Every structure is written in structure tokens, then in C-alpha cells.
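Just need the whole structure built from these sequences, with the hints factored in.
Quick note, the sequences are listed as chains U and A, same order. Residue 141 in the UniProt record's numbering sits at position 141 of the first sequence; the count goes up by one each step and never skips. Residue 95 in the UniProt record's numbering sits at position 95 of the second sequence; the count goes up by one each step and never skips.
Honestly, the hints are just simulated from the structure, not real lab data. Treat the hints with caution; some may be incorrect.
Claimed, not checked - In silico lysine to any residue, SDA-like type, Cα no more than 25 Å apart, as pairs:
(1) U:Lys172 / U:Ala160
(2) U:Lys146 / A:Ala60
(3) U:Lys271 / A:Met51
(4) U:Lys94 / U:Ala74
(5) U:Lys240 / A:Ala48
(6) U:Lys240 / A:Arg254
(7) U:Lys75 / A:Met144
(8) U:Lys48 / U:Leu103
(9) U:Lys75 / A:Gly140
(10) U:Lys271 / A:Arg254
(11) U:Lys55 / A:Leu154
(12) U:Lys271 / A:Leu49
(13) U:Lys154 / U:Lys168
(14) U:Lys271 / U:Gly298
(15) A:Lys153 / A:Asn233
(16) U:Lys123 / U:Val306
Nothing here was measured: the structure is a model prediction, and the numbers come from that model.
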Amino acid sequence: MKNTLFLLTAALLGSAGAQKVTLDLWAHWGSEQRRPTINRIIDTWNKKNPNIQVKYTFVPFDQLPTKTLAAIAAKNPPDVVVIDIRTTTLRAAKNQASNLSKLGADKLQNQFYPNLWSTATYKGDQYGLPFVTDSRFLYYNKDLFKEVGLNPAKPPTTWAELEADAKKLDKKTGPVYQRIGFHPLYGSFGLESWVSNAGGSMWDEDRVNPRFANPTAVKTLTWIKDWTDRLGARNVQAFKSSFGSGAQDPFISGKLGMIIDIGGYAATLKKYAPNLNYGMVRIPTPTGQPGPGTSSGGGFNLEVPVGTKHPKEAFAFARWMATEGARIWAQEQNDFPGAKNASLSVTSPAFRMMSANMKYTEVTPAPPYAPSYGTLLDKATEDTVYRGQDPKQALEEANTQVQRLVNSNK
Amino acid sequence: MALSRPEVQVRPRPLRTGGPRRVGGLKLGRLLAFAALVALSLMVLYPALWMVSTSLKPDAQVFAYPPRWIPDPVMWGNYAKAWASAPFTRYAVNSLLYAVSVTFGTVLSCSLAAYGFSKLRFPGRDFLFLVMLSTMMIPGLVTMVPQYVLFSKLGWINTYLPLVVPSFFAGAFFTFLLRQYFMGVPNELLEAARMDGANELWIWGRVMLPLTTPALATVAIFTFDGAWNDYVNPLLYLNDERLYTLQVGLASFRSANDTQWQLLMAASVLVLLPVLLIFFVFQKYFIEGASLTGSVKG
Numbered sequence: 001m002k003n004t005l006f007l008l009t010a011a012l013l014g015s016a017g018a019q020k021v022t023l024d025l026w027a028h029w030g031s032e033q034r035r036p037t038i039n040r041i042i043d044t045w046n047k048k049n050p051n052i053q054v055k056y057t058f059v060p061f062d063q064l065p066t067k068t069l070a071a072i073a074a075k076n077p078p079d080v081v082v083i084d085i086r087t088t089t090l091r092a093a094k095n096q097a098s099n100l101s102k103l104g105a106d107k108l109q110n111q112f113y114p115n116l117w118s119t120a121t122y123k124g125d126q127y128g129l130p131f132v133t134d135s136r137f138l139y140y141n142k143d144l145f146k147e148v149g150l151n152p153a154k155p156p157t158t159w160a161e162l163e164a165d166a167k168k169l170d171k172k173t174g175p176v177y178q179r180i181g182f183h184p185l186y187g188s189f190g191l192e193s194w195v196s197n198a199g200g201s202m203w204d205e206d207r208v209n210p211r212f213a214n215p216t217a218v219k220t221l222t223w224i225k226d227w228t229d230r231l232g233a234r235n236v237q238a239f240k241s242s243f244g245s246g247a248q249d250p251f252i253s254g255k256l257g258m259i260i261d262i263g264g265y266a267a268t269l270k271k272y273a274p275n276l277n278y279g280m281v282r283i284p285t286p287t288g289q290p291g292p293g294t295s296s297g298g299g300f301n302l303e304v305p306v307g308t309k310h311p312k313e314a315f316a317f318a319r320w321m322a323t324e325g326a327r328i329w330a331q332e333q334n335d336f337p338g339a340k341n342a343s344l345s346v347t348s349p350a351f352r353m354m355s356a357n358m359k360y361t362e363v364t365p366a367p368p369y370a371p372s373y374g375t376l377l378d379k380a381t382e383d384t385v386y387r388g389q390d391p392k393q394a395l396e397e398a399n400t401q402v403q404r405l406v407n408s409n410k
Numbered sequence: 001m002a003l004s005r006p007e008v009q010v011r012p013r014p015l016r017t018g019g020p021r022r023v024g025g026l027k028l029g030r031l032l033a034f035a036a037l038v039a040l041s042l043m044v045l046y047p048a049l050w051m052v053s054t055s056l057k058p059d060a061q062v063f064a065y066p067p068r069w070i071p072d073p074v075m076w077g078n079y080a081k082a083w084a085s086a087p088f089t090r091y092a093v094n095s096l097l098y099a100v101s102v103t104f105g106t107v108l109s110c111s112l113a114a115y116g117f118s119k120l121r122f123p124g125r126d127f128l129f130l131v132m133l134s135t136m137m138i139p140g141l142v143t144m145v146p147q148y149v150l151f152s153k154l155g156w157i158n159t160y161l162p163l164v165v166p167s168f169f170a171g172a173f174f175t176f177l178l179r180q181y182f183m184g185v186p187n188e189l190l191e192a193a194r195m196d197g198a199n200e201l202w203i204w205g206r207v208m209l210p211l212t213t214p215a216l217a218t219v220a221i222f223t224f225d226g227a228w229n230d231y232v233n234p235l236l237y238l239n240d241e242r243l244y245t246l247q248v249g250l251a252s253f254r255s256a257n258d259t260q261w262q263l264l265m266a267a268s269v270l271v272l273l274p275v276l277l278i279f280f281v282f283q284k285y286f287i288e289g290a291s292l293t294g295s296v297k298g
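This is the structure:
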């Protein structure tokens, strides 16, 4: 790998006539925890490539897509950007991300996890390289398991076991819940993730047209509704509002017995709750058997925005960043890299679990013609779960609205 | 912060009108009113107190339950750590320059425009005023990308020009606010100045502005506050981290999946201080201006 990189760099240096270029890299790492690592990665590259110098700029996470879009529209974009993995194909379709296949990206395919590689494939061509990802797990509090007489060595594997364990963990004083064992919509796993977990999908095969009211989706939403009804919709909402802003962590404080969160949550727990006795396992499925959509993930791709003045050099850097850079990143940060070799270079238990879980993790790209479908689907979910609407009817209504959106954007 | 106003207004009252000579019922009523006000202001202050409390916590107490209000140990070091984790001193200088120049530009241009709309007669004045008001109906997000492209074509990206220059072209809201206030100034005063041979610019500067300081102070404070807290615009137009402002710097404590709460809160407290200070120094003008009662009489 190092040799090919060296050759590649040498070739680039030769062809560029030793002319020095400076590449702009935008990403969202600005904290004192993240910055030293990205600086080290950039320094390593800059020392090896005196003629392709990279300048890193921190752009806050929530505004990075907006800022990048504006810069592309003004034809003054950065040369490489680390950006949301779910929306790469949207930028490909709108001619905002460069076609990397033309620069030779296709031969890199087998170096990356396939579920991640495909997030940046649009009409057979590649528009991004996976950098980091995540995968979700069920975290459960072993001490609370013991407290209520559950075996901490036997976490739930099916939906039925999950609900049975959760019931035991519920704790109520009068009408008020002190603790809720688990709720499917707490944590970062929504209706769509549960439908995938049950082996279904909310879309047709091409992920273009919504199929919200399919039997699996209706069944899943009904399951969540029944769960909520058992606890009381008001209780579920009131409980959620006590930790909704993120400044309180319900799992650390023992308000929840189990929660679904990303693999990196293990590092948060280590930092903020070093004494918490917890377990981290695969998310239960209806049958107990894992499938390709058992867990869900997100992450970041490296893209070369359309309009860069140095596409070749930008791609050379992006390629190095996605492989060698990702190795440094993985070793120093808790993010799971998209390049297989980089991920195997870290041997912590959490990383091994993540690596094993990749084939059960679905990273779903946003649907091309209705990227904002989420609010409509959330509304249907909440209308059903909290406001007593019929699951099938709510999903059908949302489906009609999203289909209208798709038709008008097509 | 604006919500601490009731407290400020109410406090002087008992000194003036209340006292031990009053009958018991009134005293009790006042006591109850105070108790209610204290309870309400505690509610309003709750997030601010929480911010200060979190800013002094060690890692393991940030999410402790039940919550601890007084951290143990008190981590004063969070402040130094937060300030040092990014070039915050530089950001502070940038924020200050940005806020001061925008405030100057806004007060200058809006008061000039408001003077024209309120005291000068010219054909099409009311129509133009209507057009200006209608620009308030267009949300900023809609014009964001075209505006960016425009400034990019002017070559202004990565400079403070797109942030500061527009403030010298009288925004609709503050022009409207000042116009309403200016209309309350009697024309006789202006006529007298005109008789003495003063031109309109002189009248604007020497008659109108001194008579309307509460309104101008209101505009200044709102503008300063707005620019100081502006997050999206600096972020959009500035590409060089050395040009970033405090608000952009604060975002560095947040990441995709984790937030360094105690450092974010410590830095937030520091960023909030100047605005608090300005409010306390100018609160007299601020309240007079906000209630729009200070028209000139006699």
C-alpha cells in the first residue's frame, strides 16, 4: 500500500511538473479531542508530499453541508470535504460531487466495507470514499439486570425477550415511572431502523418510491404503539422530555435499563461513567436471527466537490486519507473506519464487535427525490404512538404525501 | 437575559411608594408578588444557572443523577481549558470588531433612512417605505445562496465585507422602528432649525439624534447582540479559521456524536459576559427605548 502510494504521489509530482498546489480540506473536527489527530494526519501527508500541501479548515458539523453547497454554487469549493454519508448520491445526482470513477476510484472498491462503498455509488460510478462509520448496539445495565432478578449474562436476543426484560426493569412509584426498562423510540433507532431490523424496508427496490404501508412496517409500528400504550403515551413523552436535550444521559443516570446507541457510545460511557457496569450486544430482532438490516449506521464520506481546480491531486489525497489517514484516525479516535485494513489495525473489543457487525448494518442513503421525508414519517409515527391514530392509516397518509414529493421532484 | 427585566423594573418601586407605614394587607400582597417574581425569575434563570454549574463540573459529574448543583471538586480549570482549546482570544477580537462595525453601520444608515421616511416629503416616499417593509417578509434562508453567489462574484468571500457592508444599507426592521420613533418628534423643532439655515444633515445629527437616544440605544443593543450571537453568516462567508468568531468557535465543542458539555458551557459563560455587561450598562436606555414611550414633550 505504502509503495503504491509513493508511486502514485511520484507520478503526480512528475505530471504536475513539480508545481506546488494547496488543497483545502473541510471537516467538522474542531474539539481539542479531535484536532490533534487531524493535524497529525495532515502533517504526515504534507511531509510526504511537498508539492501537494493540504490546509485543514474546521467547519461546524451542523452547517457543513450548507456551507459546502454555497461554496459549490459560487464555484469556489474546497478540494476535499468530509461529509454526511447518507447524502452523497444526492450530490452526485445534482452534479455537486465529482465522479471519482473517472479518476480511477473503482479499483479501490475491495478495500472498503461493501455496505459503505455502495453509499457513494450512483448510476454505476463512484462519487465518494467512505471515511468513518458507526453501527448501533443494545447497551444494557448489568447492575439493574441483577437488581430485578435478570441474568446479566443473558441479554435479550428477540423482540419478545426484549419486551419481557424491559417490563421487569420498569419501576413505578404511584403513577410516575422512576425507570423505564426500554422503549423502542428512545435512543437513536427510529421506526425506519426497526422496520429494517424486522427484515423489511420503507421503500421500493430502487429506494425511489415510498412503500410506507407495507405489512412489515404496519406490524412494526403496531408493536411500538402497543409498547407505548402499555406504559401510557403521556408517561413515555414526559419521561423522554426529562432527557430530551442531550445535556442529561438517561442510561448513565439509570433512568433507562437499556438503550440503543452507536459503538462510540462505549467511549462516552468510559469517560462520563467509568464505574457503570454495562453490556453491549447486537440489537434484538423479531426472530433472534441477524439480517443485513439488524443494525443501522451513518458516517462520513470523503468527496471531491465539483469545481475544484485540482481534481487529480484532491483524489490522490482523498484516497490516502480514506486508507492511511483512516488508520491513524481509528487508532487515536473511537470512530470506526470504512477501510477494512484500517479497521483491523485496532483490536479493542468494541472495534471487533463493530467489525463483526458490519454485515448486519444498513447504511441507507437518503431517497433521491424526497430527502426530507423524515419529518413526514416522524409525524406519522408520533400521531400513531402518542395520539392514537391507526398505524396503517397514518403510514398510508405519509406515503401519499411523500409520493407527491417524489413525483414533483422527479 | 431580556427576561430579567421585570426584576429590574419592579425593584425601585417599594422604595418610592411602599414602606412600613402601609397597611398589613398591602404589605402581604407585595410580599406575595415578590415571592411570585422570585420564583418566576428562578425559572427563567434555571438554564443559566445550569450552564454555570455544568461549566464547573468534572467529566464524571456532568451526567450524574440526581443532578448535583454544586460540583465537587469545583473545576475552575475548565475555563482555562475551554479557552485554550481553540484560539478564542483571536475569535473574541474578531467578534468584537464584527459586532462594533455592524452596530455603527446599522445605527448610522437606519437613522438616516428613518429620518428621510419620517420627516422629508418626496414623491413615492410611502410607496418606497412599503417596498422596504415588504423585504421583511422574505426569510433570510431563501436569499442565502444567491447572496453568497453575489458576494463570491465580488470576490468578497473569506473577508468581513459580506458581513459588515450590508449593515450600512439600512435594514427594514430597525428603519421602521426608528421611523415610528422619529415621527413623534415635533416638526416645530425641525422648522426652527431650518429657519436658522440648518441643512437636513445638520438637523439629523444635531436635533434628531440627541432627542432619540433611547431608540438609538435600543437599535444599537439589539444589533450588537445580533452580530455577537450571529453564527450562520460568519460561518458561511469565512473560510480561514483565523477569521472565525466566538460563536463559530463554540461549535468546536460539538461533534457528530459527542459534545464536551462542561467545556462548551464554560466557553458559553465567557462569551455571554460581554453581552450581559452591555445590557447592565445600558439597561436604562434599553427599557425606555423598548417601551417606545419617550416621545418629546414641550
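Each hint tested on the structure:
1. Under the criterion of a C-alpha separation no larger than 25 Å, the hint pairing Lys172 of chain U with Ala160 of chain U is consistent with the structure, at around 21 Å.
2. As the CA atoms of Lys146 of chain U and Ala60 of chain A are separated by approximately 23 Å, the hinted pair is consistent with the 25 Å bound.
3. For the proposed pair Lys271 of chain U and Met51 of chain A, the alpha carbon gap of about 20 Å is at most 25 Å, so the pair holds.
4. Only pairs whose Cα atoms come within 25 Å are accepted, and Lys94 of chain U paired with Ala74 of chain U is accepted, the gap being roughly 15 Å.
5. Restraint check for Lys240 of chain U and Ala48 of chain A: the C-alpha separation of about 22 Å stays at or below 25 Å, so the hint holds.
6. Simply put, Lys240 of chain U and Arg254 of chain A have alpha-carbon atoms about 22 Å apart, close enough for the 25 Å limit, and the pair holds.
7. Restraint check for Lys75 of chain U and Met144 of chain A: satisfied, since their Cα atoms lie roughly 15 Å apart, inside the 25 Å limit.
8. Restraint check: the Cα-Cα separation between Lys48 of chain U and Leu103 of chain U comes to about 21 Å, which is no more than 25 Å; the hinted pair holds.
9. The hinted pair formed by Lys75 of chain U and Gly140 of chain A meets the criterion: a straight-line CA distance of about 21 Å does not exceed 25 Å.
10. For the hint linking Lys271 of chain U to Arg254 of chain A, the alpha-carbon distance of about 16 Å falls within 25 Å, and the restraint holds.
11. Simply put, Lys55 of chain U and Leu154 of chain A have alpha-carbon atoms about 24 Å apart, close enough for the 25 Å limit, and the pair holds.
12. For the proposed pair Lys271 of chain U and Leu49 of chain A, the alpha carbon gap of about 24 Å is at most 25 Å, so the pair holds.
13. Distance restraint check for Lys154 of chain U and Lys168 of chain U: the Cα-Cα separation of roughly 14 Å lies within the 25 Å cut-off, and the hinted pair is therefore satisfied.
14. For the suggested pair Lys271 of chain U and Gly298 of chain U, the alpha carbons sit about 23 Å apart, so the restraint of at most 25 Å is met.
15. For the given pair, Lys153 of chain A sits about 17 Å from Asn233 of chain A by alpha-carbon distance, which is consistent with the 25 Å threshold.
16. With a C-alpha separation of about 17 Å, the suggested pairing of Lys123 of chain U with Val306 of chain U holds against the 25 Å cut-off.
Violation of the numbered hints given earlier is absent; every hint is satisfied by the structure.
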